[in-house]
Each structure stands twice: as C-alpha cells, then as structure tokens.
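*Asks:* As you go down the protein sequences, you meet chains F, W and D in turn.
No gaps in the numbering here: position 88 of the first sequence is 89 in this note's numbering, and each next residue is one more.
No gaps in the numbering here: position 102 of the second sequence is 103 in this note's numbering, and each next residue is one more.
No gaps in the numbering here: position 104 of the third sequence is 105 in this note's numbering, and each next residue is one more.
Derived from the structure by calculation, the hints contain no laboratory data.
All clues stand as given, with none of them false.
Straight-line C-alpha distance at most 27 Å; calculated DSSO-like pairs for lysine-lysine:
no.	chain 1	residue 1	chain 2	residue 2
1	F	LYS126	D	LYS90
2	F	LYS90	W	LYS54
3	F	LYS90	W	LYS129
4	W	LYS90	D	LYS129
5	W	LYS95	D	LYS54
6	D	LYS91	F	LYS126
7	D	LYS95	F	LYS129
8	D	LYS126	W	LYS95
9	F	LYS54	D	LYS90
10	F	LYS129	D	LYS91
11	F	LYS9	D	LYS9
12	W	LYS54	F	LYS95
13	W	LYS91	D	LYS54
14	F	LYS9	W	LYS9
15	W	LYS129	F	LYS91
16	D	LYS9	W	LYS9
17	W	LYS126	F	LYS91
18	D	LYS95	F	LYS54
19	F	LYS95	W	LYS126
20	F	LYS114	D	LYS9
21	W	LYS91	D	LYS129
22	F	LYS129	D	LYS90
23	W	LYS91	D	LYS126
Model, not experiment: these values are computed from the prediction.
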Amino acid sequence: MSDNGERKLSIICSKGTLDMAYPGLVLANAALMEGIDVTMFFTFWGLEIVKRKSMDHLKATPLGNPAMGMPNIVGILPGVTAMASTMMKKEIEKLDFPPVSEFVEMIHDAGGKMYGCRMAMDMMKLEKEDLCDQIDDVIGAMEFMEMSDGAQIIFI
Amino acid sequence: MSDNGERKLSIICSKGTLDMAYPGLVLANAALMEGIDVTMFFTFWGLEIVKRKSMDHLKATPLGNPAMGMPNIVGILPGVTAMASTMMKKEIEKLDFPPVSEFVEMIHDAGGKMYGCRMAMDMMKLEKEDLCDQIDDVIGAMEFMEMSDGAQIIFI
Amino acid sequence: MSDNGERKLSIICSKGTLDMAYPGLVLANAALMEGIDVTMFFTFWGLEIVKRKSMDHLKATPLGNPAMGMPNIVGILPGVTAMASTMMKKEIEKLDFPPVSEFVEMIHDAGGKMYGCRMAMDMMKLEKEDLCDQIDDVIGAMEFMEMSDGAQIIFI
Chain F
2 MSDNGERKLS IICSKGTLDM AYPGLVLANA ALMEGIDVTM FFTFWGLEIV
52 KRKSMDHLKA TPLGNPAMGM PNIVGILPGV TAMASTMMKK EIEKLDFPPV
102 SEFVEMIHDA GGKMYGCRMA MDMMKLEKED LCDQIDDVIG AMEFMEMSDG
152 AQIIFI
Chain W
2 MSDNGERKLS IICSKGTLDM AYPGLVLANA ALMEGIDVTM FFTFWGLEIV
52 KRKSMDHLKA TPLGNPAMGM PNIVGILPGV TAMASTMMKK EIEKLDFPPV
102 SEFVEMIHDA GGKMYGCRMA MDMMKLEKED LCDQIDDVIG AMEFMEMSDG
152 AQIIFI
Chain D
2 MSDNGERKLS IICSKGTLDM AYPGLVLANA ALMEGIDVTM FFTFWGLEIV
52 KRKSMDHLKA TPLGNPAMGM PNIVGILPGV TAMASTMMKK EIEKLDFPPV
102 SEFVEMIHDA GGKMYGCRMA MDMMKLEKED LCDQIDDVIG AMEFMEMSDG
152 AQIIFI
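Use the sequences and the hints to build the structure in full.
*Replies:* Below, the structure is given as structure tokens:
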C-alpha cells in the first residue's frame, strides 16, 4: 500500500521475448483498469520492450522451451524463430491485443509509470533517446526499491 | 492480507517446463501447509502444467540453460530433451515428490484455488475441458488482479 | 512488513545464468542500502550462484533468447556461450559491479541472509559444504514461507 492507502503494483520486466513481454503488459493494463497504481521497470533483456528499434520486432523461439512442442533440432533452423514470432503476433492480434508499441502507449496514457534501469542501459550502451517516449526516466535499483515501497512486486 | 487478516499467496505460472513447474507447486503446497490462502493462475506456457494431455509429460531441456552444464551442440540432438526430462523425473520421484497431476490434485484438495488465464487459452485455442478437473474457473487478468488484492504475488 | 514494522524483501533465485544472477544480487544490494531486511533463497539452477565451484563461472547464452540478437544456428556453435559469457562479464566489470563471489560476500556482510533450498540440493546431490560460506542454512519451502511472512517476494 502507498502512504495514502492506494494499492500499488511494480512490474520488473527482464525478458525481451514476445511471449514474456505480453504478460507484463497485460497485467499492467489490467491493474490500471482496477485503479491500481502501476510502475514498470525495464531491465536487462526487458529493455527490448521499450527500445524504439526493437519493441515491435520482439521474437519468440521454441528453442529451449519444450513447452512449445517443437524439437530443438528443428528450432535451430534459420527462419523458425521468425515463423514462430509471426504466428504468435497473429494470434495476439486476433484477440484484439495491440502490438507492443501501442500497448506501451496505452498503459502510459492510462497513468502507468515506466522506467529504464540505469545499470542495464549502461551495460548495453543505451541512451534515454534509444527508448520510446513513454519512458519517464532512467533510474537505479535503489530508486526502484524506494518507489516500490508498499507495492506488490512482480519479476518477469 | 485478506480482509479478514489472513495471509494470501498468488502464484502466476507462466512456464511449461518440468523444472519451472515444480517451484510453483512446491511453494503452493508449502504455503497451504502453513495455513496460507493460495491461488494459482496458469498463463502462457504455464497452461501445460494443467492441460490433461501434457501435465504428466512436461519436459526439461539443457538447451539455452548453461546452468545444466551441457554444451548447446549436444542439447540439440534428438533424444537429449527426453533423456534430461526422464532423469529429472526420477530424481523428483526419489525425493518423494508426486508427479505433476497428483501434485495438482493434492494442492487443490488442500484448498488451493486454480485458474486458467482466458487470454492465453484463447491464444492457444484451449477450452476449459482441455484443462484438468482441478481448474476452478477460467478468468481474465482483471479478475486475477482483484483476487490477488493483499496477496504476496510470485511470477514464475 | 515484519512484526516490528520493518520492510522485508525475499528474493527467490531459481536461474543459474549470468544474466539472471545479477538482477537478484543488484536488487538485494540496493534493498540493503535502503535499510530493507533481505533474504535470498537459492533453488533449482539458482544454486549455481552460490556453489563454490560454479559461482564465478556462470554463463550466458544467446540460445533460446532471441533478445540477444543472435541467430540460434550460430548460438549452438561451440564457444559461442563462452564468448557471450566473457563479453557480459567484461561489461559488468566495466560498470564496477563485482564478480558473483564477491557480490555474494558483500551482500552477506551487509546483513543479507542466504539460504539453500533443501529439495533442490537433494535433487542435485549437493551438501551444505558445496555451497559458499555465506549460506546461513539449508531450509525447506515451508521454512522459507515462514521467513517471508510480511515480505515483498520476488521470484527470479
């Protein structure tokens, strides 16, 4: 709970695949619709979700994920990652969920706060300008911990 | 905390591999034994844990997981995923942990509530009948957020 | 919150790759600097982070992680995992973050408590002696649930 008793949710996004980007976006959006205060913190591979260049080109791969039901020997073939990504994007679109860039914009417009992780950005040599306009600021882990006081924290 | 002051735990299961199914089941079981109110929400690949067809056939792969100590070039060979999965199942059995379907039943019998995620099920074209009997309902992300008010949330 | 009103953070580390070890260590360190009570619980592949033999030899692989921007067909080549791991270690070092063993020591010295998961250790045939000196104890999931009463829980 925040000081004024409002429910808070902090979502740490550390994965940059299509299938791990949507859970964070869907939960953030649902929480905002419930009147919950939402903060998203993008770190490590999760920065791909908010990088201008990559946000609408996230990929999903069956490789290393036997739950997708494709043998690894097939998963390594060139084109399989692209195919799996395209298929998943189509399914998501059919369900009327917006593409990543639009979803990020929607969440931000609805009041969701969005931060890039300074350490991960330094590691990947990214500047604030490389991230989309919705990123409110670039912050360190200590600032994130301060902001998430009283929040439910989800690490994706 | 719930309205009556009871401790609550919400576990989101988003992975469908053998090695990521057990942490959720073990934590849910431990929490129930401690008298904690437990809700499990199965989404994306985590639906494999509660799909009748797959729940006792989850796999683990060394591919993309260097922590398992096997070179990727070996990991892609046909049969390696099956072998790694069989070995892990044997180790789990030796420790007297039940197979997935039995564990899910145990947790549900002990009062754990279990829900499928509507969006992920639509994406994967799954109906409630495709999931095991222990699934109490199929719900959306907003309903999940409502249920997890006051809970400790774990995203696996 | 703990009984005395102190903020608590429980971090479950279940991954043994270099890129998933640092987020837990960085958050634990940041939380301690904010005066938060920190407990780390190492389970499944996360035990690699605190195993004497592996802690300074964690690896990162582009395989199964398209966010790293390398085709899977390249990712399986012998030496690619080693190369990606070395590059990441150099970047982390440049940012003045300590290697894993030193970081674990720093966190423990600052008051962070560290526990190995009994079930995972039994499964991997590990004894307490196989883990580094900073591990306070080996505990079960029920004990972990007791300790994390009132804590914000992060599962990595």
